[in-house]
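J.: Sequence:
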Amino acid sequence: MKKSKKTDRIWSFLSLAIFIAIWEIFCALNSISDTPIINTAFFPSPHKLVTAIVNQIKNGQFQKDLFISMGRVIKGFLIAAVLGVGSGVLCGFFKPLSRLFNPIIELFRPIPAMAFLPIFLLWFGIGESSKVAFIAFGAFFTIYVNTYRSIIYTSPLLIRAAQCLGANKIQVLMKVGIPNSLPGILTGLRLGLGTSLFVLVAAELIAASAGLGFRIMECRNNIAIAIMLAYAFIIGIIGLFFNFIFGLLEKRLLRWSDRVEA
8 MKKSKKTDRI
18 WSFLSLAIFI
28 AIWEIFCALN
38 SISDTPIINT
48 AFFPSPHKLV
58 TAIVNQIKNG
68 QFQKDLFISM
78 GRVIKGFLIA
88 AVLGVGSGVL
98 CGFFKPLSRL
108 FNPIIELFRP
118 IPAMAFLPIF
128 LLWFGIGESS
138 KVAFIAFGAF
148 FTIYVNTYRS
158 IIYTSPLLIR
168 AAQCLGANKI
178 QVLMKVGIPN
188 SLPGILTGLR
198 LGLGTSLFVL
208 VAAELIAASA
218 GLGFRIMECR
228 NNIAIAIMLA
238 YAFIIGIIGL
248 FFNFIFGLLE
258 KRLLRWSDRV
268 EA
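Note that the working numbering has the sequence shown beginning at 8, numbered continuously upward.
Just so you know, the hints here were simulated from the structure itself, not pulled from any lab data.
Just so it is clear, the structure is predicted and the values come from calculations on it, not from any experiment.
We put the beta carbon where it would ideally sit given N, CA and C, even for glycine.
Warning: the hint list may mix true and false statements.
To be verified - Mimicking DSS-like on lysine-lysine, the simulated pairs with C-alpha atoms at most 30 angstroms apart in a straight line are: (1) Lys-55 - Lys-65; (2) Lys-182 - Lys-102; (3) Lys-102 - Lys-176; (4) Lys-258 - Lys-176; (5) Lys-71 - Lys-82; (6) Lys-65 - Lys-82; (7) Lys-176 - Lys-13; (8) Lys-55 - Lys-71; (9) Lys-258 - Lys-182; (10) Lys-82 - Lys-258.
Stated by the list, open to error - Okay, the calculated beta carbon distance ranges per label pair: (11) Pro-53 - Leu-114: 43 to 53 angstroms; (12) Asn-66 - Ala-35: 25 to 35 angstroms; (13) Leu-260 - Met-121: 43 to 53 angstroms; (14) Ala-35 - Leu-129: 45 to 55 angstroms; (15) Leu-129 - Ile-177: 34 to 44 angstroms.
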């Protein structure tokens with residue numbers, strides 16, 4: 008198993024290296040061609056993206072944007088995590104709550120979060136509150152659904168076994184329901200964090216004066232393609248980092264499962 012995971016990591020790094028190498032070679036050939044396939048001004052090479060982000064780091068702009076955006080993501084995600092996991096557990100284990108709240112949640116869940124952005128701006132203004140609330144709203148449904156579905160599919164045999172041993176309903180929830188549902192809950196949190204990044208950029212593209220999404224829009228307006236793409240890839244790298252952290256968390260919390268991937 009360990010050898011297989013090590014091989015997977017090697018292939019992951021190798022695939023990224025091959026992708027970057029092909030990109031760099033294509034840009035080099037495209038720039039020297041008499042009839043370039045893509046306008047070189049609009050398709051910078053990887054080393055130009057690195058140069059652009061290094062310059063942003065030197066002048067302190069990147070650190071400022073990163074700090075502001077990550078603050079918004081973490082705040083919004085934590086709110087969504089608490090509300091999504093809490094309500095998912097309660098609705099999954101107590102049927103009256105499920106009957107009461109599930110129809111409302113299912114009404115709002117299919118609606119794209121972007122449709123509510125103007126409303127959040129009207130309710131909370133263009134400050135930090137609207138962005139944090141919007142991120143929490145966007146991430147909530149993914150976390151809730153994964154938690155709720157994990158709880159309701161808890162093995163009836165495990166529940167009956169706990170009840171036969173004298174466990175009451177709360178004890179069954181704490182000792183059987185939540186531990187058994189932990190893989191699904193962590194999956195929902197992992198997906199919810201990815202949604203938080205997506206929603207963050209959407210919010211900052213429209214109503215912000217700083218942040219990664221705002222900088223992407225500003226660079227687009229100024230046709231600073233290298234910086235724009237560099238910031239976009241930074242968001243992807245942040246997503247990979249958080250995904251890795253969740254992998255480590257799952258490995259630690261789900262040591263009893265042989266299906267955990269770090």
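J.: Next step is simple, just say for each hint if it's right about the structure.
T.: We went through each hint and held it up to the structure:
Restraint check: the Cα-Cα separation between Lys-55 and Lys-65 comes to about 15 angstroms, which is no more than 30 angstroms; the hinted pair holds. With a C-alpha separation of about 19 angstroms, the suggested pairing of Lys-182 with Lys-102 holds against the 30 angstroms cut-off. Pair hint Lys-102 plus Lys-176 holds up; C-alpha atoms about 13 angstroms apart against a cutoff of 30 angstroms. Our distance criterion of 30 angstroms between C-alpha atoms is met by Lys-258 and Lys-176, whose separation comes to about 29 angstroms.
The hinted pair formed by Lys-71 and Lys-82 meets the criterion: a straight-line CA distance of about 17 angstroms does not exceed 30 angstroms. Taken as a hint, the Lys-65 and Lys-82 pair is honoured in the structure, with Cα atoms around 27 angstroms apart against an allowance of 30 angstroms. A distance of roughly 43 angstroms separates the Cα atoms of Lys-176 and Lys-13; the hinted pair therefore is violated under the 30 angstroms criterion. Proximity of Lys-55 to Lys-71 is assessed by CA-CA distance (about 21 angstroms); at most 30 angstroms being required, the pair is judged to hold.
Our distance criterion of 30 angstroms between C-alpha atoms is met by Lys-258 and Lys-182, whose separation comes to about 20 angstroms. Taken as a hint, the Lys-82 and Lys-258 pair is honoured in the structure, with Cα atoms around 25 angstroms apart against an allowance of 30 angstroms. Restraint check, Pro-53 to Leu-114: a C-beta distance of roughly 45 angstroms satisfies the suggested window 43 to 53 angstroms. Hint check: Asn-66 to Ala-35, Cβ distance near 28 angstroms, so the stated range 25 to 35 angstroms holds.
A C-beta distance of roughly 33 angstroms is found between Leu-260 and Met-121, which places it outside the suggested range of 43 to 53 angstroms. Under the hint 45 to 55 angstroms, the C-beta atoms of Ala-35 and Leu-129, about 49 angstroms apart, fit the expected range. Leu-129 and Ile-177 have their C-beta atoms about 41 angstroms apart, which keeps the hinted 34 to 44 angstroms range intact.
Hint compliance for this structure: hints 7, 13 are not met, and every other hint is.
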